[in-house]
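Peer 1: Quick note: to get my numbering, add 857 to the position in the sequence shown (first position is 1).
No lab work stands behind these hints: they were computed from the structure. A portion of the hints provided could be inaccurate.
To be verified - Only pairs whose alpha carbons sit at most 20 Å apart, straight line, appear in this in silico EDC-like list of lysine to aspartate or glutamate:
| id | residue 1 | residue 2 |
| --- | --- | --- |
| 1 | 894 | 880 |
| 2 | 909 | 866 |
| 3 | 877 | 926 |
| 4 | 877 | 906 |
| 5 | 909 | 926 |
| 6 | 877 | 866 |
| 7 | 921 | 906 |
| 8 | 921 | 883 |
Owing to the predicted nature of the structure, the values given are computational and were not obtained by experimental measurement.
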Amino acid sequence: AAAQVAGYEPRQWQLQSARKILEGHDSMVVAPTGAGKSLVFALLAIAAELTKSDALVLVICPLKALQLDQ
């Protein structure tokens with residue numbers, strides 16, 4: 858299902874992070890720009906919508922650091 862949404866096969870760390878969150882654990886993903894962090898929270902947001910969950914997906918983006926990377 859993730860491959861259909863993202864257009865490519867997800868990496869192991871993406872699946873592991875999403876799995877831990879679905880199991881009720883907190884998860885923090887730290888990866889370089891372009892590594893695929895967005896897929897993790899996008900899949901969780903889609904899963905919450907499909908299951909009519911009241912889950913909250915919180916994404917914190919350090920924009921200044923991102924600007925310096927560019």
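Peer 1: For every hint, state whether the structure bears it out.
Peer 2: These are the hints, each one checked on the structure:
1. 894 x 880: 19 Å, holds
2. 909 x 866: Violated, because 26 Å separates the two Cα atoms, which is more than 20 Å.
3. 877 x 926: 29 Å, violated
4. 877 x 906: 18 Å, holds
5. 909 x 926: 37 Å, violated
6. 877 x 866: Holds - the C-alpha atoms of residue 866 and residue 877 are around 19 Å apart, at most 20 Å.
7. 921 x 906: Given pair residue 921, residue 906 is violated - Cα atoms ~31 Å apart, limit 20 Å.
8. 921 x 883: Violated: residue 921 and residue 883 sit about 25 Å apart, past 20 Å.
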